[in-house]
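**Q** Chains as they are written, first to last, in numbering that gives the first Met the number 0: chain S, 0 to 139; chain H, 0 to 283.
Just so you know, these hints were derived from the structure itself, not from any lab. Fair warning: this is a prediction, and the values are worked out from it, not measured in the lab. Backbone N, C-alpha and C fix where the C-beta goes; we use that ideal spot for every residue, glycine too. Keep in mind that a hint or two might mislead.
Unchecked claim - Calculated Cβ distances over 10 Å to all of chain H for the following chain S residues:
| id | residue |
| --- | --- |
| 1 | Lys28 |
| 2 | Gly29 |
| 3 | Val32 |
| 4 | Ala55 |
| 5 | Ala72 |
| 6 | Glu88 |
| 7 | Ser91 |
| 8 | Ser92 |
| 9 | Gln94 |
| 10 | Arg118 |
Stated by the list, open to error - Facing chain S, a subset of chain H residues (Cβ under 8 Å, in silico):
| id | residue |
| --- | --- |
| 11 | Lys6 |
| 12 | Val15 |
| 13 | Phe55 |
| 14 | Glu59 |
| 15 | Pro63 |
| 16 | Cys91 |
| 17 | Asp120 |
| 18 | Gln132 |
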Amino acid sequence: MRFNEKELLCISKQPSEKAAELGMRGPKKGDVVKRRLVKLVINFLFYFRTDDEEPAGALLLEQCKVEKEEPTAFSVAFLDESEKKYLFECESSEQCQEWVESLTRASYESMRRSLIFYRSEIHKLTGKVSYLLFVLLFFF
Amino acid sequence: MKPKSDKMKLNERSVVHYATCDSPADKTGHLYKKGERNTAYHRRWFVLKGNMLFYFEDKESKEPIGVIVLEGCTVELCESMEEYAFAVKFSCAKSRTYKMAAESQASMESWVKALSRASFDYMRLVVHELEKQLEEMQTLHSLPGTAHSHRKSSGRAKSKSISAAAPAVVTPAKEPQATYNRSHEETVHFTPTSKENGVAWDKPNLVVNGLCPTYQGSKTLPGKSCSNEGAKPPPVPPRRKTATGGVTSTLESPVSPGTVCFSKLHDWYGKEIAALRTQWQQDQ
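Could you build all of it, start to finish, from the sequences and the hints given here?
**A** Here it is, written out as structure tokens:
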């Protein structure tokens, strides 16, 4: 499948929400843990080999599941192959927790859900307020 | 050191899955796309999901030919031999301009609008604005003991205070009880507002003064998991459930009934109005 690599490279150089050097292991059998600079930008998780300017790869964080695996490690798995997990090793459980939280919120789909939720809450509140105004008018 | 010639890896299989799964598309339809090398326009089936624009050979294709990541793009109408032409441009160096053409004026306008709003950053801005709006409204119209000010106990539960000065911001993303292995597979269906190809969902204009005009809410939104396991509601924050786990009734106190039960709401407002009237009469 073709994709516009240049634009993705451009995105990878933008300021990130979160970046850290983590241990990273690919999902395939035989993959081993390697040190990578992992960088979250919008809904992409980029990973760089140490000292490389351009990322070795990117993961689009849609239709994925982020789970804490151990106190200091989390995994990212995609729903089409949920047994195949990318594993990330952190320095501390706080760092691990932060990454899990950030990545869980990092998808466009997750923002869409938030949007629907906020609109619904606003609608409920405005519904309430309108009723109060109506009653006030009626009594006075 | 990575040789410069190595192409960046992408989790392609999963991206293809995202393109073809049941998660809601923001827009779909036929467009003509100008080829990279040859100058002919090819008719393709386009699917816009979030900030990803997928294109397929035709509507029945199982896999997309390609995807255009739309982040940071600008969409312009362009002078072209083709009617209803527009271009998707990027600001980064040596980037390719995607020249497209729609099949009608309406289609072109609709696509230009959808693609202009397709970025993650734009969506983030909209969500942030709504969050602020909700905060403001909760502060202004904060009613005593509203359900919104309750958080599921996690060591920082507030007591059911009657204080009107305790607005709590409803933020589903910061839910302390959220299970972090909650998958992203739960998707949401909503009433389509734009009908092109029967697909969902007008992104809102930023409304600063209050209501979101395109909202078509319903109290429960049916959802569908991507693997078609049946309808599931979207993850509503736990505080909205009763102790017995029912979803429809919200937390209630004698002072502030949940908003779902209209007659209770009516009674409660009635009492409040009566109290206000008495006070007003006394002030005369």
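**Q** Are the hints correct? Go through all of them and say.
**A** Hints, one by one, checked against the model:
Interface exclusion of lysine 28 of chain S from chain H stands, the closest Cβ pair being 16 Å apart, more than 10 Å. With a cut of 10 Å on Cβ distances, glycine 29 of chain S stays outside the contact zone with chain H, its closest approach being about 17 Å. The beta carbon of valine 32 of chain S is kept farther than 10 Å from every beta carbon of chain H, the shortest such distance being approximately 17 Å. Chain H draws alanine 55 of chain S into its interface by the beta-carbon criterion, the shortest separation being 6 Å against a cut-off of 10 Å.
With a minimum CB-CB distance of about 13 Å to chain H, alanine 72 of chain S clears the 10 Å threshold, and the non-interface call stands. Here glutamate 88 of chain S stays apart from chain H, with its beta-carbon at least about 17 Å from theirs, past the 10 Å limit. No beta-carbon of chain H comes within 10 Å of the beta-carbon of serine 91 of chain S; the shortest separation is about 16 Å. Listed as a non-interface residue, serine 92 of chain S keeps its Cβ farther than 10 Å from every Cβ of chain H; the least gap is roughly 13 Å.
No Cβ of chain H approaches the Cβ of glutamine 94 of chain S within 10 Å, the least distance being about 14 Å, so the stated non-interface status holds. Not every CB of chain H is more than 10 Å from the CB of arginine 118 of chain S (nearest about 5 Å), against its label as outside the interface. Among the interface hints, the one on lysine 6 of chain H holds; its C-beta lies about 6 Å from the nearest C-beta in chain S, closer than the 8 Å criterion. For valine 15 of chain H, the suggested interface contact is upheld, since its CB lies about 6 Å from the closest CB of chain S, less than 8 Å.
Violation of the interface hint for phenylalanine 55 of chain H is found here, the shortest Cβ-Cβ separation to chain S being roughly 10 Å, above the 8 Å cut-off. Because the beta carbon of glutamate 59 of chain H sits about 17 Å from the nearest beta carbon in chain S, more than 8 Å, this interface hint is broken. A hinted interface residue such as proline 63 of chain H counts as satisfied when its beta carbon comes closer than 8 Å to some beta carbon of chain S; here the least separation is about 6 Å, so the hint holds. At about 4 Å, the closest approach between the beta carbon of cysteine 91 of chain H and any beta carbon in chain S falls short of 8 Å, and the interface hint on this residue holds.
Of the supplied interface hints, the one on aspartate 120 of chain H holds, with its beta-carbon coming within about 7 Å of a beta-carbon of chain S, less than 8 Å. Given hint, glutamine 132 of chain H at the interface with chain S, holds; its Cβ is 6 Å from that chain's nearest Cβ, closer than 8 Å.
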